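Let the sequences and hints guide you as you build the complete structure.
Number of protein chains: 6
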Amino acid sequence: MLLQLSTWPEVENYLKTSSGLIIPIGSTEQHGPTGLIGTDAICAEAIAKGVGEEVQAMVAPTINVGMALHHTAFPGTISLRPTTLIQVILDYLTCLTEAGFRRFFFINGHGGNIATLKAAFSEVYYHLAHLRLSEADQVRCQVGNWFMCRSVYQKAKEWYGDQEGSHATPSEVAVTQYVYPESIKKAALSPDVASGYPIYGAEDFRRHYPDGRMGSNPALATPEHGQEFYELAVKELSNSYLEFLQSE
Amino acid sequence: MLLQLSTWPEVENYLKTSSGLIIPIGSTEQHGPTGLIGTDAICAEAIAKGVGEEVQAMVAPTINVGMALHHTAFPGTISLRPTTLIQVILDYLTCLTEAGFRRFFFINGHGGNIATLKAAFSEVYYHLAHLRLSEADQVRCQVGNWFMCRSVYQKAKEWYGDQEGSHATPSEVAVTQYVYPESIKKAALSPDVASGYPIYGAEDFRRHYPDGRMGSNPALATPEHGQEFYELAVKELSNSYLEFLQSE
Amino acid sequence: MLLQLSTWPEVENYLKTSSGLIIPIGSTEQHGPTGLIGTDAICAEAIAKGVGEEVQAMVAPTINVGMALHHTAFPGTISLRPTTLIQVILDYLTCLTEAGFRRFFFINGHGGNIATLKAAFSEVYYHLAHLRLSEADQVRCQVGNWFMCRSVYQKAKEWYGDQEGSHATPSEVAVTQYVYPESIKKAALSPDVASGYPIYGAEDFRRHYPDGRMGSNPALATPEHGQEFYELAVKELSNSYLEFLQSE
Amino acid sequence: MLLQLSTWPEVENYLKTSSGLIIPIGSTEQHGPTGLIGTDAICAEAIAKGVGEEVQAMVAPTINVGMALHHTAFPGTISLRPTTLIQVILDYLTCLTEAGFRRFFFINGHGGNIATLKAAFSEVYYHLAHLRLSEADQVRCQVGNWFMCRSVYQKAKEWYGDQEGSHATPSEVAVTQYVYPESIKKAALSPDVASGYPIYGAEDFRRHYPDGRMGSNPALATPEHGQEFYELAVKELSNSYLEFLQSE
Amino acid sequence: MLLQLSTWPEVENYLKTSSGLIIPIGSTEQHGPTGLIGTDAICAEAIAKGVGEEVQAMVAPTINVGMALHHTAFPGTISLRPTTLIQVILDYLTCLTEAGFRRFFFINGHGGNIATLKAAFSEVYYHLAHLRLSEADQVRCQVGNWFMCRSVYQKAKEWYGDQEGSHATPSEVAVTQYVYPESIKKAALSPDVASGYPIYGAEDFRRHYPDGRMGSNPALATPEHGQEFYELAVKELSNSYLEFLQSE
Amino acid sequence: MLLQLSTWPEVENYLKTSSGLIIPIGSTEQHGPTGLIGTDAICAEAIAKGVGEEVQAMVAPTINVGMALHHTAFPGTISLRPTTLIQVILDYLTCLTEAGFRRFFFINGHGGNIATLKAAFSEVYYHLAHLRLSEADQVRCQVGNWFMCRSVYQKAKEWYGDQEGSHATPSEVAVTQYVYPESIKKAALSPDVASGYPIYGAEDFRRHYPDGRMGSNPALATPEHGQEFYELAVKELSNSYLEFLQSE
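Protein chains in written order, with our numbering: chain A, 1 to 248; chain B, 1 to 248; chain C, 1 to 248; chain D, 1 to 248; chain E, 1 to 248; chain F, 1 to 248.
Keep in mind that the hints were calculated from the coordinates and are not lab data.
If you're wondering where the values come from, they're calculated on a predicted model, not measured in any experiment.
A portion of the hints provided could be inaccurate.
Because identical chains cannot be distinguished in the list, a pair is counted as satisfied if it fits within a single copy or across any two copies.
As the list claims (entries may be wrong) - Listed next, the in silico BS3-like pairs over lysine-lysine satisfying Cα-Cα at most 30 angstroms (straight line):
1) Lys16 x Lys155
2) Lys186 x Lys16
3) Lys186 x Lys157
4) Lys185 x Lys49
5) Lys186 x Lys49
6) Lys157 x Lys185
7) Lys157 x Lys16
8) Lys185 x Lys16
9) Lys186 x Lys155
10) Lys49 x Lys157
11) Lys155 x Lys185
12) Lys235 x Lys16
Here you go:
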């Protein structure tokens with residue numbers, strides 16, 4: 001059930017049996033010489049839709065642009081500032097809480113979003129409590145990072161070892177290949193790839209990671225791998241969603 | 001060319017021959033008993049992709065959630081506050097201008113976004129000038145509202161007359177039927193439909209427009225109509241984009 | 001009845017019979033070689049006072065500085081950013097709503113204010129609803145642009161044709177001449193005047209409109225014309241106000 | 001020289017010989033049973049115009065609404081929040097500094113504005129320095145409170161003694177009577193008037209000062225007194241302005 | 001009773017008999033060649049603790065960084081912008097009011113904080129009223145500036161005369177010597193010290209006050225003096241606190 | 001070297017050989033029936049001072065109040081909203097970067113600060129880059145959480161096992177006992193202590209953790225333990241600081 005493809009009476013109806021909502025959040029940022037700029041949004045959206053079908057949950061439209069300021073020295077990256085993203089989340093959840101939703105499960109495709117999402121949740125709980133809604137204290141948010149699912153992580157390690165890296169990884173590239181097989185990109189990738197350097201500002205990032213990859217070899221990705229990652233993530237996050245929903 | 005499905009070197013390459021970018025913006029809001037909540041985003045995205053192909057322009061990811069505060073008394077609506085949307089636009093265009101984009105053509109699917117977009121553009125020009133970028137004064141933004149295209153508007157009047165209305169219109173519903181034929185919704189629609197009442201706050205809006213439609217009869221929509229509206233809009237907005245780009 | 005020239009018990013008394021308030025809003029911006037920088041505020045204030053007398057409505061102090069960022073490359077222009085103007089409107093209407101006012105009729109002298117005002121109204125309705133005032137859902141705002149009154153517009157076309165232009169127009173200059181006959185300015189005006197170029201940033205604006213006029217010939221203005229425009233606008237906006245107030 | 005009644009070339013010309021600007025700032029707030037709601041703006045504007053003529057300085061449009069949150073429990077009061085007023089001042093002075101003004105002399109009619117103005121000035125200096133304007137470090141702001149002029153203060157004490165009070169004072173009421181003799185209001189004033197209680201929130205203020213006066217007897221005011229206060233203030237503030245301008 | 005050294009049940013208990021809280025606020029800013037950067041925070045904290053013991057009041061953790069933008073051209077200075085400090089105060093007092101505190105007595109060590117604190121208090125009262133807490137209208141804030149205590153001021157004049165100056169004064173340096181005798185700094189101080197120049201921006205300030213002192217001779221300070229200032233301030237502010245608390 | 005106990009010439013001098021700064025950040029929040037409200041600030045400050053001595057680094061004043069919104073249903077807790085804390089960090093680091101500092105090492109005592117700090121750092125890098133400082137791209141921030149030091153963590157597990165818990169832990173209580181042996185609190189602690197429930201809003205938190213502890217038994221703490229934790233943390237974080245500083 002996609003919110004975008006529902007009518008308001010269908011949403012009203014849904015709310016009679018569930019107060020849960022899945023919100024996919026990605027990023028629009030460079031993913032190395034062959035990774036799609038939309039990688040994080042594409043993965044989050046595909047997996048969120050899969051989970052939605054699995055658990056019969058409503059899925060909100062994808063937040064395509066997240067917190068990727070450190071990638072902005074590469075063209076094509078679009079990022080919100082953390083304070084803007086917090087306001088966006090606040091506006092989303094205020095509307096949705098007033099409509100009757102109470103459990104917000106963010107399926108996230110980008111590590112750089114995690115800190116800001118957590119900060120946003122704190123701000124949301126506080127803000128909603130001050131709006132004096134009768135059930136504001138029932139609102140709960142959770143982040144499910146598909147790339148940190150245990151099963152996904154283990155499979156990536158098994159297949160790629162150290163070449164999984166931490167950005168523009170073969171696992172995320174594989175998922176985009178599975179979702180968009182017509183958009184598989186090829187480019188010569190240097191076998192020497194930077195890794196291990198912490199993330200600070202955008203210029204500094206590009207200086208240390210000149211082609212945008214962080215220790216990864218995305219050439220290892222295949223659409224078949226992508227399908228398996230997709231299925232593992234859908235399965236694991238479906239369980240997480242159900243636990244989240246059922247928690248008292 | 002979708003930004004989401006491009007790599008950063010492809011964007012870098014694109015910028016050598018064009019500084020234009022198409023940004024679809026819609027809304028996530030009630031569209032009456034049969035209209036999809038994502039109607040405005042769906043239409044804007046489909047048409048933007050069509051224009052992008054037609055004129056070989058890069059298309060950014062869709063801004064799915066816009067300014068729809070007056071619809072928030074209906075469940076499923078998600079809206080940004082105008083001040084939040086202004087910050088979002090500011091963040092987008094700051095990143096994109098620093099990367100080398102100069103002409104931003106917003107293909108818009110929602111009347112309620114127009115005022116805030118215009119306000120945002122003023123804020124953007126001012127902000128970019130203060131960032132002291134060397135070409136900040138070259139940045140230009142334009143809104144192309146597909147539903148206000150002359151050819152679209154005339155066709156809708158021809159087919160639907162007064163039953164086009166002004167929200168949850170048969171024309172926009174038709175486009176979504178063309179794009180998502182598997183999601184055509186049916187419901188009994190009262191022949192009496194409110195119209196002509198100005199838009200103020202959300203509760204007031206729902207009181208006056210109890211099923212969410214504003215003077216429209218979306219039952220008149222067909223996927224075939226949708227295709228024709230789509231093609232008219234793509235053609236007209238492609239011309240607008242090219243003129244915008246070529247303006248000295 | 002001017003709010004500025006009333007006492008608080010008089011306001012309290014007024015609120016027993018009316019919840020309407022007229023708020024003049026102008027701008028402080030260049031108006032070409034002969035137009036007064038205060039043109040938009042002067043016109044809005046004079047006409048608002050006229051309407052206030054005609055319909056026995058309270059008139060608030062004029063918002064002298066509006067959204068004129070695109071004029072800021074000319075000295076003397078003062079502008080708020082859209083986000084600041086939204087906060088200003090929010091603060092005004094929060095105070096006034098808490099005092100008992102419900103219908104806010106903005107008499108506006110500047111096209112550049114319209115988008116931001118509309119955005120502000122949406123933000124106001126939303127904010128007031130969240131303040132949990134018992135009648136927040138009764139608050140309504142409307143903009144009456146004197147220069148877009150049908151009667152004014154037609155008269156300007158009749159007298160000036162294309163030389164009315166769209167900024168530093170003879171009609172608005174005429175109203176200021178009527179209001180401040182001692183401040184009629186003369187200067188050589190080039191017969192070649194730029195027009196038709198869209199408005200982007202401030203530097204770009206000045207480059208395209210080097211003397212500040214947009215297609216206008218303000219030399220056609222006379223105080224007598226100004227008086228007629230004034231009277232037409234007062235009459236038409238008085239009707240608009242009464243309709244606004246009486247709307248259920 | 002009023003900015004509102006000048007053209008931009010006149011401002012450009014003015015800036016060749018002076019970088020000073022007088023900005024009147026008042027408030028729109030209750031002033032007891034007989035004081036005009038616009039008292040603070042009226043006084044500031046009249047005196048600023050007088051000073052402008054005396055010293056041949058440009059005078060900006062009056063900031064009619066200031067920081068009067070503690071008066072908002074009385075109908076008719078309009079106030080900005082301090083943070084909004086700071087943004088307003090920031091926007092004003094950014095525009096004006098970019099145009100070439102450097103010395104901003106605020107003629108203030110309301111004690112409640114002083115703290116926020118001072119805070120705003122700090123924010124302005126900091127912000128302008130960060131805009132990297134070449135002369136940002138030359139910008140200076142000063143507040144001249146007409147009611148705290150030594151000569152005004154002494155005269156008020158001489159004429160009214162303790163009945164001057166601290167809000168809705170006979171001295172400020174007198175100035176409004178001088179400026180608007182047709183708007184002199186009469187009402188029975190209780191001889192018992194609250195005084196000495198500190199200012200906290202709006203409800204608390206009204207509870208302690210039920211008719212809005214703070215220790216004052218505005219019935220002592222006369223238009224003749226008003227003229228004398230006006231002249232004393234103009235003289236003293238003209239000197240302050242000249243000293244401010246000439247300070248190295 | 002220090003809040004930092006209390007448990008939450010102890011605070012709960014305290015609130016049964018008192019709703020007062022002392023909040024020390026200082027600054028982290030240059031204090032001339034020999035003054036400690038923490039001078040204002042050190043003095044405020046020490047005196048606040050003294051008052052807290054004297055009157056059995058709870059003392060909050062010290063706000064170490066205040067509004068010192070004009071000192072930021074000297075290394076080591078840290079300042080909040082006024083708008084940030086207002087948000088900080090707003091957050092503090094919202095939490096504390098919801099917990100049951102009602103009377104906030106700020107013991108302040110820095111003149112530059114006063115305006116922003118006053119602005120913040122207005123914003124706080126307004127904000128708390130809008131949160132619809134039942135006793136929001138009982139909240140009161142007061143600033144006690146230790147260096148403006150009558151007894152302190154007179155003693156400083158008696159001991160130092162004009163050499164007290166107005167920044168990096170011997171009196172404040174003396175208090176820090178009393179609190180941190182192991183951190184007494186020595187440096188050659190020019191007998192010529194700037195004074196009397198108003199405070200504008202940071203660069204301008206440093207240009208006029210090249211070593212950071214404003215008319216002061218901190219070499220006159222002794223730890224013994226510091227102890228006396230401390231005792232005078234504690235005594236006087238203890239009385240102020242008790243009056244503040246007892247005011248109806 | 002404490003910044004608070006230094007003079008500005010000493011800071012100027014320090015910057016000739018180091019651009020590093022240690023910034024302790026804690027929280028002011030309930031720590032169960034026996035834990036001090038200042039626990040997180042006390043631990044961070046003590047350990048930061050220890051590290052500062054060990055590595056000869058400058059230590060800034062402690063940020064006493066952090067992000068603890070989820071604890072605000074317990075009296076005595078003071079929290080900033082995440083967006084406020086981001087502004088605070090932004091202001092701090094802007095001042096300090098302009099003064100010449102480049103490496104900011106936050107010694108953190110509170111898990112709830114981590115997400116907001118990370119978000120703040122992203123915002124800081126972006127903001128500083130836009131200020132066009134010549135070395136903005138050299139600025140780096142790092143968080144060192146003393147309670148997550150490997151040696152500390154292992155020791156706590158060894159001594160307390162599961163009774164370490166995750167809030168109001170014996171390890172942090174022990175450190176406060178070591179620092180403030182005169183403030184050791186005793187109270188009956190229920191052997192049943194809640195644990196494992198995720199953190200959402202403040203009311204929800206208190207409902208699930210009624211005495212404020214999260215799975216911990218702070219009665220196990222001793223001052224001697226505290227000293228050992230202190231020493232382990234100082235040693236480990238000193239190494240982290242030196243690595244951070246030396247990283248190219």
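Going through the hints against the structure:
no., hint, result
1, Lys16 x Lys155, "neither (39 angstroms within a copy, 40 angstroms between copies)"
2, Lys186 x Lys16, "between (48 angstroms within a copy, 21 angstroms between copies)"
3, Lys186 x Lys157, "within (23 angstroms within a copy, 49 angstroms between copies)"
4, Lys185 x Lys49, "both (24 angstroms within a copy, 20 angstroms between copies)"
5, Lys186 x Lys49, "both (28 angstroms within a copy, 23 angstroms between copies)"
6, Lys157 x Lys185, "within (23 angstroms within a copy, 45 angstroms between copies)"
7, Lys157 x Lys16, "neither (42 angstroms within a copy, 39 angstroms between copies)"
8, Lys185 x Lys16, "between (45 angstroms within a copy, 20 angstroms between copies)"
9, Lys186 x Lys155, "within (23 angstroms within a copy, 45 angstroms between copies)"
10, Lys49 x Lys157, "within (25 angstroms within a copy, 37 angstroms between copies)"
11, Lys155 x Lys185, "within (23 angstroms within a copy, 41 angstroms between copies)"
12, Lys235 x Lys16, "within (25 angstroms within a copy, 44 angstroms between copies)"
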